[in-house]
Amino acid sequence: MARERGFECLFSSNPKVYFIEQVIEQLDVLEALFLWEQGLEHISGLVTGCFDILHPDQVEFLQAGKRKVQTLIVGVDRDETVRLKGPGRPIFNLRQRCEMLAALDCVDLVFPIPFALGRYEESPENATLFEALTDRLFNSTLPRQGIHCLITNEAADPFWREKKERAEKLGVGYIGLNMERSTSSSQVATKIQTGG
156 MARERGFECL FSSNPKVYFI EQVIEQLDVL EALFLWEQGL EHISGLVTGC
206 FDILHPDQVE FLQAGKRKVQ TLIVGVDRDE TVRLKGPGRP IFNLRQRCEM
256 LAALDCVDLV FPIPFALGRY EESPENATLF EALTDRLFNS TLPRQGIHCL
306 ITNEAADPFW REKKERAEKL GVGYIGLNME RSTSSSQVAT KIQTGG
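Numbers 156 to 351, taken from the numbering used here, label the letters of the sequence shown in order.
Derived by calculation from the structure, the hints in this document are not laboratory data.
Wrong hints could be hidden among the right ones.
Cross-link-like lysine-lysine pairs, in silico, DSS-like; alpha carbons within 30 Å at most [to be verified]:
#, residue 1, residue 2
1, LYS221, LYS171
2, LYS171, LYS240
3, LYS240, LYS221
4, LYS324, LYS221
5, LYS223, LYS171
6, LYS346, LYS223
7, LYS171, LYS324
8, LYS324, LYS223
9, LYS324, LYS240
10, LYS319, LYS240
11, LYS171, LYS319
12, LYS223, LYS319
13, LYS240, LYS346
The task is simple: from the sequences and hints, build the whole structure.
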């Protein structure tokens, strides 16, 4: 992934936002600190998504995910992927979305996903891209094996089956929450765009 202009400033000033190459390095530091402070095994979980318009349902989902792990890592979709959701999207660009997520107490690390989807639906191409991402983050050659589980909200994530299957192939945990949602980013975006 080419590093986006302007991101260096965000990454140097926000201690929770990293490029993907730095995520595992930061995880190793957090895991060592947790083991030293708590004397317990450290469990980390990965959430991915657009998070174009952060709303209460998403915050509740992230808080629920954090209750399952010690370190919650969020991969944020690129602007090109969010554009597939419709005209006028994203409402907030990738940098802004990373900043908003990093501001949440329940989120420990944030990184921009290093690829864009070609279409916003399950497809062999998307599965291949997700495999490449998870191979980098769940690398079994690392001492602590990187991230320990994938977390998703099955009631809101159109890719939850892909994620579950990928977790099984990698031999990592899968946490499929089923949280009904009363709000969606797409509905909020439509209201913003139409003034209603």
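Each hint tested on the structure:
1. LYS221 / LYS171: Between LYS221 and LYS171 the Cα gap is close to 15 Å, so the pair holds against 30 Å.
2. LYS171 / LYS240: 27 Å, holds
3. LYS240 / LYS221: Holds: LYS240 and LYS221 sit about 27 Å apart, inside 30 Å.
4. LYS324 / LYS221: Holds. LYS324 to LYS221 sits at ~23 Å (cutoff 30 Å).
5. LYS223 / LYS171: 19 Å, holds
6. LYS346 / LYS223: 33 Å, violated
7. LYS171 / LYS324: Status holds; Cα separation ~29 Å.
8. LYS324 / LYS223: 21 Å, holds
9. LYS324 / LYS240: 29 Å, holds
10. LYS319 / LYS240: 23 Å, holds
11. LYS171 / LYS319: 26 Å, holds
12. LYS223 / LYS319: This hinted pair holds, its Cα atoms lying about 16 Å apart.
13. LYS240 / LYS346: Judged against 30 Å, a Cα distance of about 15 Å means the pair holds.
Consistency with the previously given hints fails for number 6 only.
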